Every structure is written in C-alpha cells, then in structure tokens.
Amino acid sequence: GNSVTQMEGPVTLSEEAFLTINCTYTATGYPSLFWYVQYPGEGLQLLLKATKADDKGSNKGFEATYRKETTSFHLEKGSVQVSDSAVYFCALSDLINQGGKLIFGQGTELSVKP
Amino acid sequence: SAVISQKPSRDICQRGTSLTIQCQVDSQVTMMFWYRQQPGQSLTLIATANQGSEATYESGFVIDKFPISRPNLTFSTLTVSNMSPEDSSIYLCSVEWGEIAGELFFGEGSRLTVL
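Chains as they are written, first to last, in the numbering used here: chain A, 4 to 117; chain B, 45 to 159.
Calculated directly from the structure, the hints in this document are not laboratory data.
If you're wondering where the values come from, they're calculated on a predicted model, not measured in any experiment.
Don't take every hint at face value.
[Claimed, not checked] Straight-line alpha carbon distances no greater than 27 Å define the calculated BS3-like cross-link-like pairs of lysine-lysine that follow:
1. B:K51 x A:K104
2. A:K116 x A:K104
3. A:K104 x A:K59
4. A:K80 x A:K55
5. A:K63 x A:K80
6. A:K71 x B:K109
[Claimed, not checked] Every beta carbon over 12 Å from chain B, so not counted as near; a handful from chain A, in silico:
7. L16
8. E19
9. F21
10. T31
11. K59
12. F65
13. T73
14. S96
15. L98
[What the hints assert, rightly or not] Chain A regions said to be covered by chain B (calculated; three or more residues, Cβ under 8 Å):
16. 22 to 29
17. 81 to 95
18. 108 to 114
Every residue gets a Cβ at the ideal spot worked out from N, C-alpha and C, and that includes glycine.
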C-alpha cells in the first residue's frame, strides 16, 4: 500500500541556517504530495503541495519539488526563523487508488534557536 | 478558507466513560474527516463522514467504539466510547477544501487524557 517516510527528528538549527527535511513515498499510482505544518498548540495547516512530477510547491520561503524518479518530496528553506519551529508532516493523496485519503508521514519536529 | 471549531479543546476523562467531540464548520462541506494523533505520533484517519450516509471507518476503527454523526453539511460529532488510557490522544476534525483531493483544513483538535 501507499506510505510516506520522513527523516526522524527532532531537528535543531540556528536561525538563518538552511533546512532540509527528507520525505520519500511509496505509491502504486500518481499521488498528489503535500507538506503540512503543526505549530505548537495548533491544528495542522497546509504549507505547500504538488500534483505531478517536477512540480515545485512553495510557500512562506519553503519549497519542495515532486521527484518521481527518486519518489521524494524533500522540504527546503534557505534561512529558517525561530517562528518556523513546528512539526512538519509530509503526506500523499492517491485519488485513483485510495479515494483521495490523506496518508501522513510520522512528522519531523523542527526547533530553531536564536 | 474554512473555519473549523472543535469542542472541547481538551478534557480529562475517567476510564470507562464516553465523550463526544463536536466539529462545526463555517461553510457547507461534503466530506468531513476524523483523525487521531497519539502522543508523539503521526495522524491516523479514523473515519470519513458524509452527510446523509453512514461513516466509513478505516481498518482498526469500529463504529461501536467511535460512533460518528453527520446531521448536516456543517456539523459532525465523534464519540469516544468506553475510554481507556490508550485513547489518550488529540482528535482532529478536518474538511476537504481546495482544488485537489488531500487538501484539507483542520480544526485545532481536542486533546483527551484518560485516567
């Protein structure tokens, strides 16, 4: 079945450092890919998305490119801020094979120090 | 965007009791989803609730334990029945809102602690 694997956390960075959070997926079809973010004490919010190979999703300085050849959707940001401290979830949705159900990775906690 | 309100935001419950979580959306939506987030874990889909039909449960979740109501297009409830400490989790309501399947809005969650 479909699945998502993320790099384990927690990840601790200094402010203005470069961020990469790795995400790989397994899917039988052609899923849509997402990054969701959960700030402390809040619900999840959609951060960015990509629907087909080579698409790049971007938002708030974060980027991720849908790489079909490596089945990856790594999250990057060039310069993190303290306010980026949160838990980041990679997810996929396969409309054809699983009716669009959203499958989440295990989450990666990011802590940014001033 | 959709605004989703969940009640209660948190509660402490005794073993063996049941608790009903309410989810109110400020717009009419077709599909509502209930997720569970156990401490330090990812999100697991409990069930999908469509108005006018029985909820569809995922593997490992049953209606007797997690009965769901969906009386109209803006409201749903999830009951956690006969609770045990293993049910201590955050329960999140979400709605599909966007251009593609999987683009969801989430409520802030209901954090349940079972003693």
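Hints versus structure:
no. : hint            : verdict
1   : B:K51 x A:K104  : holds, 24 Å
2   : A:K116 x A:K104 : violated, 35 Å
3   : A:K104 x A:K59  : holds, 22 Å
4   : A:K80 x A:K55   : holds, 21 Å
5   : A:K63 x A:K80   : holds, 9 Å
6   : A:K71 x B:K109  : violated, 39 Å
7   : L16             : holds, 20 Å
8   : E19             : holds, 28 Å
9   : F21             : holds, 25 Å
10  : T31             : holds, 15 Å
11  : K59             : holds, 16 Å
12  : F65             : holds, 16 Å
13  : T73             : holds, 21 Å
14  : S96             : violated, 3 Å
15  : L98             : violated, 4 Å
16  : 22 to 29        : violated (count 0)
17  : 81 to 95        : holds (count 3)
18  : 108 to 114      : holds (count 3)
The structure shown violates the earlier hints numbered 2, 6, 14, 15, 16.
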